[in-house]
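Colleague: Residues per chain are reported as follows:
6 protein chains.
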Amino acid sequence: MSLLKAAILGGGNIADNNHIPALKQLADRVELVAVCGRDLAKARALADKHGIAHAFDSTRSLYEQCAPDMVVICTPNNLHFTQTMEALAHNCHVFCEKPPAIAAQQAQDMANLAAQKGLTLAYNFQLRQTSEWELLMRCRADGLLGDIYHINAHFLRRRGIPGWGYFTNKAVQGGGALMDLGVHVLDLALYALGYPTPDQVLGNTFDLIGKAGGKGLMGNWDPKTFEVEDAATAYLSFPNNVSIMLSASFALNTQADKDRNLEIFGSKGGAKLLPFSLHTEVAGELADIQFPYLEETDIQLKNTTAFLDACDGKPSTVCTAEQGAILQEIVERIYRSAEKK
Amino acid sequence: MSLLKAAILGGGNIADNNHIPALKQLADRVELVAVCGRDLAKARALADKHGIAHAFDSTRSLYEQCAPDMVVICTPNNLHFTQTMEALAHNCHVFCEKPPAIAAQQAQDMANLAAQKGLTLAYNFQLRQTSEWELLMRCRADGLLGDIYHINAHFLRRRGIPGWGYFTNKAVQGGGALMDLGVHVLDLALYALGYPTPDQVLGNTFDLIGKAGGKGLMGNWDPKTFEVEDAATAYLSFPNNVSIMLSASFALNTQADKDRNLEIFGSKGGAKLLPFSLHTEVAGELADIQFPYLEETDIQLKNTTAFLDACDGKPSTVCTAEQGAILQEIVERIYRSAEKK
Amino acid sequence: MSLLKAAILGGGNIADNNHIPALKQLADRVELVAVCGRDLAKARALADKHGIAHAFDSTRSLYEQCAPDMVVICTPNNLHFTQTMEALAHNCHVFCEKPPAIAAQQAQDMANLAAQKGLTLAYNFQLRQTSEWELLMRCRADGLLGDIYHINAHFLRRRGIPGWGYFTNKAVQGGGALMDLGVHVLDLALYALGYPTPDQVLGNTFDLIGKAGGKGLMGNWDPKTFEVEDAATAYLSFPNNVSIMLSASFALNTQADKDRNLEIFGSKGGAKLLPFSLHTEVAGELADIQFPYLEETDIQLKNTTAFLDACDGKPSTVCTAEQGAILQEIVERIYRSAEKK
Amino acid sequence: MSLLKAAILGGGNIADNNHIPALKQLADRVELVAVCGRDLAKARALADKHGIAHAFDSTRSLYEQCAPDMVVICTPNNLHFTQTMEALAHNCHVFCEKPPAIAAQQAQDMANLAAQKGLTLAYNFQLRQTSEWELLMRCRADGLLGDIYHINAHFLRRRGIPGWGYFTNKAVQGGGALMDLGVHVLDLALYALGYPTPDQVLGNTFDLIGKAGGKGLMGNWDPKTFEVEDAATAYLSFPNNVSIMLSASFALNTQADKDRNLEIFGSKGGAKLLPFSLHTEVAGELADIQFPYLEETDIQLKNTTAFLDACDGKPSTVCTAEQGAILQEIVERIYRSAEKK
Amino acid sequence: MSLLKAAILGGGNIADNNHIPALKQLADRVELVAVCGRDLAKARALADKHGIAHAFDSTRSLYEQCAPDMVVICTPNNLHFTQTMEALAHNCHVFCEKPPAIAAQQAQDMANLAAQKGLTLAYNFQLRQTSEWELLMRCRADGLLGDIYHINAHFLRRRGIPGWGYFTNKAVQGGGALMDLGVHVLDLALYALGYPTPDQVLGNTFDLIGKAGGKGLMGNWDPKTFEVEDAATAYLSFPNNVSIMLSASFALNTQADKDRNLEIFGSKGGAKLLPFSLHTEVAGELADIQFPYLEETDIQLKNTTAFLDACDGKPSTVCTAEQGAILQEIVERIYRSAEKK
Amino acid sequence: MSLLKAAILGGGNIADNNHIPALKQLADRVELVAVCGRDLAKARALADKHGIAHAFDSTRSLYEQCAPDMVVICTPNNLHFTQTMEALAHNCHVFCEKPPAIAAQQAQDMANLAAQKGLTLAYNFQLRQTSEWELLMRCRADGLLGDIYHINAHFLRRRGIPGWGYFTNKAVQGGGALMDLGVHVLDLALYALGYPTPDQVLGNTFDLIGKAGGKGLMGNWDPKTFEVEDAATAYLSFPNNVSIMLSASFALNTQADKDRNLEIFGSKGGAKLLPFSLHTEVAGELADIQFPYLEETDIQLKNTTAFLDACDGKPSTVCTAEQGAILQEIVERIYRSAEKK
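Residue numbers (the working numbering), protein chains in the order written: chain A, 42 to 382; chain B, 42 to 382; chain C, 42 to 382; chain D, 42 to 382; chain E, 42 to 382; chain F, 42 to 382.
Source of the hints: derived by calculation from the structure; they are not laboratory data. Mixed in with the good hints, there may be bad ones.
Just so you know, same-sequence chains aren't split out, so a pair can sit in one copy or run between any two.
Derived lysine-lysine pairs resembling DSS-like cross-links, with alpha carbons at most 27 Å apart [to be verified]:
{"hint": "1", "residue 1": "Lys299", "residue 2": "Lys309"}
{"hint": "2", "residue 1": "Lys299", "residue 2": "Lys313"}
{"hint": "3", "residue 1": "Lys252", "residue 2": "Lys309"}
{"hint": "4", "residue 1": "Lys83", "residue 2": "Lys158"}
Let the sequences and hints guide you as you build the complete structure.
Modeller: Below you can see the structure in the form of structure tokens.
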């Protein structure tokens, strides 16, 4: 099998720490040919560090000189749309960081173009690859949960407004805690339900702590330039009496430093994701099941592998372009619901 | 001060264990004159047990022979409306068990008639009287919470479908877990916010476990006659970006046997009710505050006292007729939201 | 259905606290007619306390005057044999305290006579009736354990040599910790395996602490009259590579005050009895299953009911005469193994 | 004092990680001159890594060219016998990995030849050198245990069938969990008792999990080639009413991942090895003694030192040739007992 | 042996709950003949409740009419002196509640008179009779502590200013936390050292919380009439470099509700009283010893027995008149040290 | 701003691990020019390791050749006095390791000369820079403690007599546990109170364990050359009823390996330092406040910065020359109090 030629767009931490190491471990399937970043020197340094031949500061040069088969997009959220459309136009498969984009229509357009071109577009929701999530999927498949009818999903930080990057800049990020953190657990909750589209969406966003300032646990943020929500809550209602409760926060007056979890309630059993436990009946008695030996795995490696499988037309657990479009639309509906109040 | 003459409507457990003992401790303010129940012998026995002079099986006889100043209504939910209206018509103050009624219009009519007659109508949401709730109210008043903008309220049982009474009978109870359990924590959540009316309500109800049957932890129920929801979830959105997430269950595949709690999130601090803890900043650092010596108190005695204070025109923390009407309407909107799916 | 006329032989604690209360709760099946004890005054007092008509100090008088249908034998171990044989001769069903007897041949003779007379003889191993044991039996029946091939059974006390009664008197008791405590868990272990007879038995008994004296946790014992084993260990080997390890102690230099438990190892799953847990695979992962809501039940009432069911020819979980004979023979083989060293 | 010239037989992990590092730290007593392995290149690489001059793939060459004073045997179990006999024949002291051999007669022959040649043959049961075991020996010597009369010894893994090497190959290993793990705790138990020979041995071996396959926690094994026992249980009975209960498993449906421990019961006190605790009487009261500051030590270094001390005729705690023969015979009696069923 | 005729002076709780029940259990040694209290009706009621023949409101009548052999003094602290002197003058043994008196000279005079009359005078420091203290004394006697050279003794309450009685009245009580609570642990500390007299005493008393008021955990106190110390700290220095640190509080901003304990440091071992633990070396290693099975005993019964033993001239652990005088002098020196600042 | 030229006196661990790394991080304020030690080769090696230009074995050469602006004194306690006086004479600021000196008069002379020369002399009590201590100071400043009236300060080791250096040599160290460990917590306690001078001091020192020998947890010490106290206790009494209890030990029969802590009691609140907790009233209830997110900081870097700030005439939290003289005098008074017994 010939190797896919891959280029990295965006030369920041996530490229350096997640995507490039994963791709290098998959050298039997991919050849990393280029890094393209805003700052050529930085791109060059990153390429050198990882033994990648080319570095660019313009995607045009990249496509002209390297003709990659696939690109990995690790740029700020507001660039995902144009860079994906351009890559698809150059007949590249696209593995794009989350969230898909900053507007629902963008994500839909991206999905449409990928479908039209017959290319793989996928999003890097790598939490799908944890041992806990895989076990949940097996439990669901084995019928241990029965019909799932309600999910609580939350990704909360007490004072985790990042003190670096663009996290509090609305134009670049498209939003705050929901856009950055909430999408991870929303993707999982939707995935558990088969990625349905909700009938109704109701939500609120908040910013009182972010705008007031105070002690930070992930560096210090500037309350004067804080433009996004520090927290969001929402309720999604699906056909056949199925619901999701969603919460996300950068800052919230709660006890835990960080709290990311899902509770999945089904007719036969319920599951909590972290630590994974199952609540059901065994031998006619109410039973709690623990799994003490789940391994921690390299979830980026597994998710990149899943993307490559999708490119090869194999079954894959990666988040598809269509799923990304559904998710992005829900995010937009939550923000719209919050605004009209 | 002359004593209020009081009569008890409904001779079941809640009269025997809660209301009558409380009223007997308040003998300096109330004289218990009669018990009125469906079954005269049972009413007579209860009256004798507590040294109450009269027993009736018809409210007409009660009002004719005893002319009470106040009645306590401890009958099934579907009788609350007619018995309250009748009592008000006989110029009695009314202390009615929760929920107020089984339809929003009923609760509104009850409130209207009480207002028109200048009588006190109040509902027995006695969880307002716990030490924890009183402390929360003091923390709010002292500004320790700042502006409250989101509340999680839940009252969950894993397999607590009562195996006795009418709890699974829709005509009598008007609903299931939401009507019986959820109203308690909904009342508290609304009270913390100043009892606003929500702009929007979205909810779902479920009955898969109730209809399937299985192991019970509060006696055994009959899945074949199970007509109500075994669980309900809802989201209430209020003006100025304020929200409540509400969950209630008789049966849910979760770990804890029983789990009743509220989390209140404010701009200065957040509180968890049980065990009471406060999450805020002290001396410039993130701090968690515990209160290890809160006493357990006789919450029924305190709520009955609050009712009597209201009758006397004094400040009172009892749930008013107007609050009851707001709550009942929200419950109805949740059921309606759940039905139209 | 006509009531069985029952008599109690032995008027001590176990009659007073266990058997008579259980039989009184089963008044729809049994009529308690007499107590027979060594000391007529004591027997009379016990009969009066429980509203039983007759009291005797000779079994001959009992059988002549009352003609009972069944007897419950609560006398010291060394009387079980003669009293059972006499009762069977008088056509009574017999519910005998554990251990069956103090010699294997006695238990075999008792079983033979019961079989010959078509009467029910059973032993009061009431630990068969705990919620945990019932759950284990259901797990086994549901195939959750697979084939059981090894059991660890122990009943250990650190310093629990009873300071009262005949517990250290060999002629009366027939033995020490094995005869008094070990038989309980041995019965359970054998029951879990289908009550097979072992191919080989190897064991040892010890008495160094009992004979040395020291601090007691169940009263004080006299080391000078200590005649029995303070501890015993044994290994039973059954056909098809199945084994039981058995330990029992009145006194042992171990940490726990009291420690009674069984570990059951099967090809599909293993179980620990207290607190009940199951160790197996679920959804392809190693899993531990807990059952947090097992109820404590009245095990004597349930075991007496099981005996009556056996008398009525219904399926029953009571320890049968045949099982008692197998168990008694194993106990004797352990003692013999220990002696010949 | 002149240095002993030492050679390593077997160039695998245990040579690389245990024996060679220990010997290098003892450079004032030993000179490592050669490594001899099946695969010359691998032996050469290991020798180079550790700065050892010679590498061989034939023991004949080794003895001819290097004339070592001692050899350390780190080869598979089935080679221990011939390599030891050959080394002794070449007048070498022998430090052999456990188990001594795969048959009782082999271990006896090895001991006989060593005795006849006046050479030191010892086995690497390095658990004798832990701080806990040393403390137990001091407690025994100080009389804190009194007379020891029963020991529970176990070395259990839940799913620890090694997924590498020859651990499931009967011809190479001579057995499974008993041969690989059980011998460690059996050696300790025998050592605590003075290494007596048992009067009687009864045991069983099992293989249902090993042959069925499933989840592994130490790599994955192939159930189709699984030839050894996955678990073994045994009871050893010694003169004067002393007993050992022994359990070992590669795979067992129990809770703990790994559980290796000994409980030693004596007339004055009892000890649990891990964490070390003593259960006895102090000042007339039942007391539990903990030792919170036991250090972890380099047990291989200490055991290798003990071997060298033995070679020098000094007192030593290393497992002697005679002890190894006793242990090997017990292992064989356990297997024989298990087979004849 | 003829019975001692005993009278109770002071008819409050401590007579009712402690001394009278203890004396009634010792009916083979004592005959309770009278209760004498300020309020005759109350004294009469107490006497009737316990089946005591006589009741008085004047000690003169008591001595004239009953001629008791011993009296138990349960009156407020400021009456201990005169009542003891009067009782001794009437040739009665005296068992007096703690503290001995409210001035050092009083306690010395009491001791002198008792000695002169050859009567037993003792104080009810009943904490000497706990299982923990008895074990400490045995450990000391067995040499497990070596030479004791420092003791930390404290009896602290967070907000335990009693809301009843005279506890905050200086004239009646003689002091606050030190006089009421501190004396208990001071007595134990002195007893452990052999009741030496200190060379030097340095201390302080505090009253900021008592005078400020606030939340109480033992009822509510009135800060306006708070005259005593709410806390006291002191250091006692004895010959040969031995020291005691002492703390006592009715109110202190510390975590625990109540905290009473002693730490005893000796050359061979140290002990903490609650829960009792010993810190020493065993078998050459640092060891911690726990005693999990200490029984709770009836310490009043044991201390009253000790008093009677003293009356009979037998060895006794009761606090003697001489010890009481030493203790009272130390208390006075602490108060004097605190005042002169 | 021109850089201060700094020299290090004493080339041991504390220079290498603490002071030099801190000074190198402050290269914008300080230039490290020389190391001066007893052993020139060692001083040279240390200088080379850290890139420092000069090394000396005589302070005279140092001052002649380098003319430093400041010196850091890391030599044994008995050299602090002469080296500080010499440095001040050469117009150097001095940052001296704790304790200030080994006699009170020395510390006073040092402070006097520094004041006279207008130079900064400060001591390295770096525990003033922990997050916990800074938080305590903020709590005090915010009034959360009210008036502080008692402090318990202790620094205890169970068997922490250092097995290296001069720690047991009285001439070099000036004392034992009090001089080495106690001074740290004494400095903090005095600092919390505003560094007052006590009216009265009472104390004792002990050496029974140090002179007896035994198991060590910080290496092994030689009991035959043990000249200092292994433990010390003291009580300091200040004007206006304020007190400090102080304990320090190298060796004590207590449970914890190491236990360093302060409890600070004030009229409004009390604090425990480790883990930091506040005990007070909030909203009318007794409350305990925890601060779960205090960061560990580089306390040496912060204390060295504080010294430099003091040199620059800025506000500083470093221990001043005057404070050091007060502390040294208290230490001397404690030793004197202990001696005269």
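Colleague: Look at each hint and say if it fits the structure.
Modeller: Consistency of the hints with the structure:
For a Cα distance limit of 27 Å, the shortest separation of lysine 299 from lysine 309 across copies, 19 Å, qualifies, whereas the shortest one inside one copy, 30 Å, does not. For the homomeric pair lysine 299 and lysine 313, the shortest alpha-carbon distances inside one copy (16 Å) and between copies (16 Å) are both at most 27 Å. Taking identical chains as interchangeable, the C-alpha atoms of lysine 252 and lysine 309 lie at most 27 Å apart only when they sit on different chains, with a minimum of 12 Å there against 44 Å within one chain. For the homomeric pair lysine 83 and lysine 158, neither the shortest alpha-carbon distance inside one copy (33 Å) nor that between copies (53 Å) is at most 27 Å.
The structure fails hint 4 only (numbered hints given earlier).
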